[in-house]
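Chains as they are written, first to last, in the working numbering: chain A, 1 to 277; chain B, 1 to 313.
By construction, these hints were calculated from the structure, which means they are not laboratory data. Do not rely on the hints blindly, as some may be mistaken.
[Claimed, not checked] Ranges of calculated distance between the beta carbons of each label pair, as one might list FRET restraints: (1) A:Asn38 / B:Lys24: 34 to 44 Å; (2) A:Phe67 / B:Ala63: 46 to 56 Å; (3) A:Gly63 / B:Leu158: 51 to 61 Å; (4) B:Asp313 / A:Gly63: 38 to 48 Å; (5) B:Pro20 / A:Thr197: 24 to 34 Å; (6) A:Leu263 / B:Ala63: 20 to 30 Å; (7) B:Ser125 / A:Leu263: 34 to 44 Å; (8) B:Leu299 / A:Leu263: 29 to 39 Å; (9) B:Val25 / A:Asn56: 28 to 38 Å; (10) A:Val101 / B:Leu299: 16 to 26 Å; (11) A:Gly135 / B:Ser125: 55 to 65 Å; (12) A:Asp89 / B:Thr36: 53 to 63 Å; (13) A:Thr8 / B:Thr242: 51 to 61 Å.
[As the list claims (entries may be wrong)] Listed below are the simulated EDC-like cross-link pairs for lysine to aspartate or glutamate, each with C-alpha atoms no more than 16 Å apart in a straight line: (14) A:Lys103 / A:Asp121; (15) B:Lys300 / A:Asp89; (16) A:Lys7 / A:Asp89; (17) A:Lys10 / A:Glu21; (18) B:Lys173 / B:Asp195; (19) B:Lys298 / A:Glu193; (20) A:Lys122 / A:Glu260; (21) B:Lys258 / A:Asp49; (22) A:Lys10 / A:Glu193; (23) A:Lys29 / A:Glu81; (24) B:Lys258 / A:Glu245; (25) B:Lys138 / B:Asp80; (26) B:Lys298 / A:Glu245; (27) A:Lys7 / A:Glu193; (28) A:Lys31 / A:Asp89.
Glycine residues also receive a C-beta, built at the ideal position from the N, C-alpha and C atoms.
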Amino acid sequence: MRLDVKKTYKLFIGGAFPRSESGRSYEIKNKRGQFIANPAQASRKDLRDAVLAAKNAHPGWSGATAFNRGQILYRIAEMLEGRTSQFVDEIVATTGVTSSVAKQEVSAAIDRWVWYAGWCDKITSVSGNNNPIAGPYYNFTIPESLGVIGIVAEEKDSLIGLVRSLAPIIAGGNTSVLIASQSRPLAAVTLAEVLATSDLPAGVVNILTGIKTELAPWLASHMEIDGLDLSGIDSIAELRVSGAENLKRIHTFEKDVSPERILAFMEYKTIWHPVGI
Amino acid sequence: MSGLIDGSERSLLTFLENLPGVDKVGADNRATMLGTRSIKTSSKSMAIDLAISMIDLTTLEGADTPGKVRSLAAKAVRPDPTDPSVPSVGAICVYNDMVEVARKYLDAFGGTQIPVAAVSTAFPSGRASMAVKIQDTKDAISAGASEIDMVIDRGAFLSGRLMEVFEEIREIKEVCSNEAHLKVILETGELATYDNVRRASYLAMLAGADFIKTSTGKVSPAATPSVVLVMLEAVRDFYRLTGQRIGVKPAGGIRTTKDAIKQLVLVNETAGSDWLNPNLFRIGASALLNDLLLQRMKLKSGHYSSANYVTVD
Numbered sequence: 001m002r003l004d005v006k007k008t009y010k011l012f013i014g015g016a017f018p019r020s021e022s023g024r025s026y027e028i029k030n031k032r033g034q035f036i037a038n039p040a041q042a043s044r045k046d047l048r049d050a051v052l053a054a055k056n057a058h059p060g061w062s063g064a065t066a067f068n069r070g071q072i073l074y075r076i077a078e079m080l081e082g083r084t085s086q087f088v089d090e091i092v093a094t095t096g097v098t099s100s101v102a103k104q105e106v107s108a109a110i111d112r113w114v115w116y117a118g119w120c121d122k123i124t125s126v127s128g129n130n131n132p133i134a135g136p137y138y139n140f141t142i143p144e145s146l147g148v149i150g151i152v153a154e155e156k157d158s159l160i161g162l163v164r165s166l167a168p169i170i171a172g173g174n175t176s177v178l179i180a181s182q183s184r185p186l187a188a189v190t191l192a193e194v195l196a197t198s199d200l201p202a203g204v205v206n207i208l209t210g211i212k213t214e215l216a217p218w219l220a221s222h223m224e225i226d227g228l229d230l231s232g233i234d235s236i237a238e239l240r241v242s243g244a245e246n247l248k249r250i251h252t253f254e255k256d257v258s259p260e261r262i263l264a265f266m267e268y269k270t271i272w273h274p275v276g277i
Numbered sequence: 001m002s003g004l005i006d007g008s009e010r011s012l013l014t015f016l017e018n019l020p021g022v023d024k025v026g027a028d029n030r031a032t033m034l035g036t037r038s039i040k041t042s043s044k045s046m047a048i049d050l051a052i053s054m055i056d057l058t059t060l061e062g063a064d065t066p067g068k069v070r071s072l073a074a075k076a077v078r079p080d081p082t083d084p085s086v087p088s089v090g091a092i093c094v095y096n097d098m099v100e101v102a103r104k105y106l107d108a109f110g111g112t113q114i115p116v117a118a119v120s121t122a123f124p125s126g127r128a129s130m131a132v133k134i135q136d137t138k139d140a141i142s143a144g145a146s147e148i149d150m151v152i153d154r155g156a157f158l159s160g161r162l163m164e165v166f167e168e169i170r171e172i173k174e175v176c177s178n179e180a181h182l183k184v185i186l187e188t189g190e191l192a193t194y195d196n197v198r199r200a201s202y203l204a205m206l207a208g209a210d211f212i213k214t215s216t217g218k219v220s221p222a223a224t225p226s227v228v229l230v231m232l233e234a235v236r237d238f239y240r241l242t243g244q245r246i247g248v249k250p251a252g253g254i255r256t257t258k259d260a261i262k263q264l265v266l267v268n269e270t271a272g273s274d275w276l277n278p279n280l281f282r283i284g285a286s287a288l289l290n291d292l293l294l295q296r297m298k299l300k301s302g303h304y305s306s307a308n309y310v311t312v313d
């Protein structure tokens, strides 16, 4: 007979796993109403710390070569693969699907991640351009990362929903603050453990668990955030208004997977360069 | 000589040796405990403005240029150009050769009331002959400095030549006479124990310091809450003994609004509210000002602001 080693589900901020500054946690239950776990309930101060960590991580991450970012994303996929059984257990526990369905979701998530890893060093050449102009100049247009992106993850698809939102954003060189699915946050916490062990610089991804309606307004009004993926929120009209204050790019996505999701959080920069000198 | 000592080496040593030791665990606990005080919104807003008015806005880099000092001066006068209700800072603190530039631009930008503090006496190490240190101080004062931040000779202090340190401070004080305020930098990070911090604080006060300052900012640890607590206790007790109010200036490592407010709580709870005033308490900092401004914006607008809305240091 051995005592269970129970896991504490904590936040992921700046590469560390703190509890909420507020000391709060909340209860999640499965479909039959049985208790599963007590994840941390993040406060707006945790969110502020996460944004600061993401902001500080941005110069390093966006300045890394695209090839290097691709390698790190691929490394994350390797680590995801090694955690398959843990993800399967958590998906089964929170959603009540069979383990073969859960296994399919995990495999699909890893495949998506690898697909985005491949895009890191291709997106600039595919969507950038050498523009024809009437003058003695080279004229290039290239996409660059936007900055810090806030994500409210999809509520239902706990793991694959995270991957769909997160992978394209960091593939483009952005850093992020992600609010996990409120009812199914376990996969997000485990994903944090994967990220912490895959050479991803601290602060590039920060993951908060908690009450979405409490955190989202602070995310939307935070002036340090440059874009929002609000796929996990049903009514975003008010958030759009507060996000307009500093012209955030605000998107919601269907379950699509495309390079457009990378470009949604990049901005084009055009450079004129004299020729013939 | 404040009546506590008669000016002889023997009376100084006896006085300093008879100072009670600092209870390290107790001091650390008290400083930590005071750091957990919750400050409510209206008090916080008052504390932020007070902290801004107490800042010695500092640039002490080898790479300082007149251009940088100019922008520092502009920021000292109007920390947030979009909001005239933000107070000016307490002083600006520069190296000796930048004093003239700093004074010129402060006056040009409407900051005639803001003093210029110069770091002096072979800052930051203090390793030079007395003649050089005196000349250093004279230069700063003739260039327009009205506050002198001198460093003590930590080597002399640690090897027990306390009278030498005492004489050094006294001589610089003579040079300053009525023209400049004297702040004595103890460099607590090099003094090793809290007992030494207490002794050095008294030594400086007895020798005529107007302010005692924790650190140069070049050594870590710098202004830890416990060290500031020990120094505040020293000025409080010195006031009780002599009726003289000496100021305290923590410097180095205070970067966030939270740190600054913790310092203000320490002041209020240790020395008392008389010290909550830029004439008796200053904070040596550079990055802190931006964080205070961001917190001020947050309180005003209700949402978190961004470093894009304050100047780059």
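>> Of all the hints numbered above, which does this structure not satisfy? Sort the numbers upward.
In response: Hints 2, 3, 4, 5, 6, 7, 10, 12, 14, 15, 18, 19, 23, 24 and 25 contradicted; others consistent.
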